[in-house]
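Under the working numbering, the residues of the sequence shown are numbered -10 to 162, in order.
None of the hints are false.
In silico BS3-like pairs for lysine-lysine, Cα to Cα no more than 25 Å straight-line:
hint	residue 1	residue 2
1	Lys144	Lys(-1)
2	Lys149	Lys47
3	Lys2	Lys149
4	Lys2	Lys41
5	Lys(-1)	Lys149
6	Lys41	Lys(-1)
7	Lys144	Lys47
8	Lys144	Lys2
9	Lys(-1)	Lys47
10	Lys47	Lys2
I should point out that these hints are in silico values taken from the structure, not numbers from a laboratory.
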Amino acid sequence: MQETQPTFAKTPKDMEIALAQQIRQGQPTFFHMQAQLPSQGRTDTPMAATDKMWVVLKTYAACGENELHAHPNEDHTFVVLQGQALFYGPNGEERTIGLHEGVLLPRGTFYWFRALGEEPLVMIRIGSATAEGADRFARVSIDGRPMEGNSVENKEVELKLSNRWFPEASSRA
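All chains should be built: construct the whole structure from the sequences, respecting the hints.
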């Protein structure tokens, strides 16, 4: 199988546009979870969407992380497909999740996480709008200020891709 460069969403606006283009009202949307793994940084690859729900394949380089934040207009869940993630809450709570484990985050829940170990972290992220007409991609810092997902404040670093893929070549058809 020839490998093609996946379409990463580099900004929140890119994500919004990519997901809007994937909406197919009244019909199923099939997708294949495949991504080139980063050796530094992180990627978001939109997989499928409706006007109220979206699926994104997220990859983080080993030890990659984000900053404490909440999504005020979105319930969402993460499920680990490769690697491990250590999730933190605003009061020192922490929990490691690994292969085939997940976490559900109701709107307004503050959290941050980091990839553990030397293996890149791959997670599927499913989000759902909680308020009609509200910015479903909004993100706020612990002090309530807007926080862009692709900002230095959110621990964004330059993306460098490895020559590895998820899933590994032997498991891709």
